[in-house]
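Based on the hints, put chains L, D and X in the right spot on chain R.
Protein chains: 4
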Amino acid sequence: MARKQRPIRSDIAWSMPDRIEVRGKDLPGEILGKLNLGDVAYLQLTGEMPTTEQSQVFNAIVITLVEHGITPSSLAARLTYAGAPESLQAAVAAGLCGLGTVFVGSMEGASRMLYEALEDADANVDLSVIAQRVVQEYRSRGEIIPGLGHPVHKPIDPRTPRLFEIAAENGMSGRYVELMQYIASAAEQASGKQLPVNATGAIGAICCELGFPWKIVRGFGVMARAIGLVGHILEESEQPMAVEIWQRVEDEATAHIRPQA
Amino acid sequence: MARKQRPIRSDIAWSMPDRIEVRGKDLPGEILGKLNLGDVAYLQLTGEMPTTEQSQVFNAIVITLVEHGITPSSLAARLTYAGAPESLQAAVAAGLCGLGTVFVGSMEGASRMLYEALEDADANVDLSVIAQRVVQEYRSRGEIIPGLGHPVHKPIDPRTPRLFEIAAENGMSGRYVELMQYIASAAEQASGKQLPVNATGAIGAICCELGFPWKIVRGFGVMARAIGLVGHILEESEQPMAVEIWQRVEDEATAHIRPQA
Amino acid sequence: MARKQRPIRSDIAWSMPDRIEVRGKDLPGEILGKLNLGDVAYLQLTGEMPTTEQSQVFNAIVITLVEHGITPSSLAARLTYAGAPESLQAAVAAGLCGLGTVFVGSMEGASRMLYEALEDADANVDLSVIAQRVVQEYRSRGEIIPGLGHPVHKPIDPRTPRLFEIAAENGMSGRYVELMQYIASAAEQASGKQLPVNATGAIGAICCELGFPWKIVRGFGVMARAIGLVGHILEESEQPMAVEIWQRVEDEATAHIRPQA
Amino acid sequence: MARKQRPIRSDIAWSMPDRIEVRGKDLPGEILGKLNLGDVAYLQLTGEMPTTEQSQVFNAIVITLVEHGITPSSLAARLTYAGAPESLQAAVAAGLCGLGTVFVGSMEGASRMLYEALEDADANVDLSVIAQRVVQEYRSRGEIIPGLGHPVHKPIDPRTPRLFEIAAENGMSGRYVELMQYIASAAEQASGKQLPVNATGAIGAICCELGFPWKIVRGFGVMARAIGLVGHILEESEQPMAVEIWQRVEDEATAHIRPQA
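Residue numbers (the UniProt record's numbering), protein chains in the order written: chain R, 1 to 261; chain L, 1 to 261; chain D, 1 to 261; chain X, 1 to 261.
In case anyone wonders, no lab produced these hints; they're calculated from the structure.
Any given hint could turn out to be false.
No distinction is drawn between identical chains; accordingly, a pair holds when it is met within one copy or between any pair of copies.
What the hints assert, rightly or not - Using 20 Å as the maximum straight-line C-alpha spacing, the simulated EDC-like pairs for lysine to aspartate or glutamate come out as follows:
| hint | residue 1 | residue 2 |
| --- | --- | --- |
| 1 | 34 | 53 |
| 2 | 25 | 48 |
| 3 | 193 | 252 |
| 4 | 193 | 143 |
One chain only, chain R, in its complex shape (with noise of 0.2 Å):
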């Protein structure tokens, strides 16, 4: 018995020898030199072309998260340079592989969070109950709140109150960026510590307010970093680092069990 095929379809671009349409527009008439590369991103994620607001707070995020100096990411990219400086684009792949839980986790976690404490943005609750119920739930189960607190941006995390600005400007500040701040008030009561909101729990409670489902918000951080990982690529070529980093380590690292000469 043949197995029954199902479909297989995409509605993001396609190409004819004479035209290229992404989302529905034509890449060089109605796309090229109108847009910038963050409302390009956001046409490619929603299928719909931003408000102005809407770009200023997408860019706003994404920028965010370009870059943050020397990370165990842009260390992973320069070293697999120095190894394969023919092949940019793996290097690149090597920093992003290890954006994962402990990094860049906590911004999806916290969308996650307010979702699913806030189902519906425009129901009739009092925020500061729900964020007191969640806040109890996480420290029940002993798990860290996402987005709260930072280890080296003490007191406040300077992009947090620059980020909810923006979102404010523009429309965009509403109950899960709300909620958001209430849980950090909540989680400072329960704990006794500072635990104001950090940059990714305010990029997981304006993703909330855009509308975009958890599960791709890590998404805008791998496509930020990507940029940023050029850069350090870039950087590495002129004034590399990753020989003498492997060298350092390597003659520490094994001092005690190699014969010294």
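Just chains L, D and X now, with coordinates in the frame of chain R:
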């Protein structure tokens, strides 16, 4: 004898508890809400804020490379996501790994060819003579001239005139763009075939006008495609094709050796 | 205030001009020509030379995972190779990126389940009682019990009895193997379905017998599949399918939106 | 006009409900418990069961490449694991991405050089004459001859004599091994430097004796290193260094631009 250590240094970004700087700009105060994503990519790569003209041209180049429908790269990302949906970043990484010599390499090849043929853009030389020499050299080595012709987009690649138009409107249609067009003419004459400048040739030439080193040109394709791939993964999560592709290929590929039930 | 540095240390291998040691063994003198590849993998992971019995069982486990025909992973590797044939390593990397929770995760899931249910393999406990408790817990959480049943290999997975036989012949069919089988029985009784131990369940159980931490069990699949993927890439270079797959999928996926010529 | 479909075909493996065949062998009945991992790799790549001699030599080659301590590749894997410990497979993938022209390429370079210099191993030609011609060609092009000399292993690479010994003991020290040694002598004479055959040169030559196409030789390094990287990730999970490396590098790299607290 101890190895002498060399310094490790990066000039891209740094952060302190209350401040994050990227390329000497305060991220919250001078970048967020003020620049678009393409401008930040330009800043990340060059260390300079783009002029309005540079912003227009650079955004157009990168946007051209975001999305081109179903490709081996987008299929690799979708197939990877089917096996590891918890690692969106690794699915994007898998999709980037194939952006090598076959599909993206011609862009950097065109830039390199132009820079090597015309080291000084201001030199008082006859570009048509240079173009004929370049074409002869490639033909004598039996190599394909990068940036010319296209298997699908015939007779002309619809992106090329638009990209050249945007470059001209912004004062960036200089001698590298001119040389690329002379090379196309010389190649058509020498081969008797239609070989107009394709999108990768146009981008390669405009990257020379912008002054980017040819080694990093491939990186524009990599960063752009990372955005496109996040879009494909979002669609795959909602309207999957990977498992169906797998099952069809498995059925067909091994039908000749598999006992039929 | 300067951060206090912590030491960096690795105990796996070191090299000097005239000597290379891996896990305390001289590579040319004690390893090459004396061990097989599976034994070296065992040495690399445990720091110990395998006994004959450990060698037999460990080789069998890893070999089981080398090759399973056309899979999403082998297709991702082939599609990547089509775009970047100069980067064979990146094609293998792309193929590995999809070995996540869907296809390889159940192996580590089975090991983890067994270790958590039976912390002390020598404890005087009734395994059938433990098995029933484990099955009840998974069912009450609505989770799939790892290592049971198979969509293709019915009624039994032909690898399972052979793996258990090899374990028994080498004195490694202990209480974790027994518990895995009790869990299968309990699951069949509770669900009324046929749920025999599959290959990943057998491997998960045998990894417990060998004493490997559950966190590294997925790694056996990863190392094995790297071998398999090199085979697929060699075949792709001689008898390609990637471009044909791409073109078929592109044609079908966008037929509904593409103007028909 | 519809595109004509070409067939899709793979000859490596297939599975049915009660049977799994790899390269024409029944996996449970003819492979598990009978072959070691290196033999299965040989079978996967060639479609043939190795003879005892082929098994000895092939296992030795791949084993040589498993582990060489702290390398850029193992560091990239460890840094990736620090960010995404839930994706062990992506950490291995990141580590493999750097196995390009700088570290692994010389192995395939040596094989290619030998095959191109001696297409027919049985030809009645003077190998010392061929070697001198090869050396002259590389020197006139200003290229490095692959497989000679080593930055650390001086005066000789301790793996080379052992690999050649294993090849000889198994009747596989033929004309390609001989030619590689003639090339080393000719290069030493021409350059006045010590340039003995290193491990990648020995492996490249022995791969010719085994009859492998040069394009796949890099794959032996890739599959071997996947095993080594799993070992590094296991050690990283128990005795981490990635975060310490990151923090040290970040401190030093940006000290010149970061305001000092």
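Tested hints:
1. 34 - 53: both (16 Å within a copy, 13 Å between copies)
2. 25 - 48: within (10 Å within a copy, 32 Å between copies)
3. 193 - 252: neither (38 Å within a copy, 31 Å between copies)
4. 193 - 143: within (16 Å within a copy, 36 Å between copies)
In this structure, only the earlier hint numbered 3 is contradicted, and the remaining ones agree with it.
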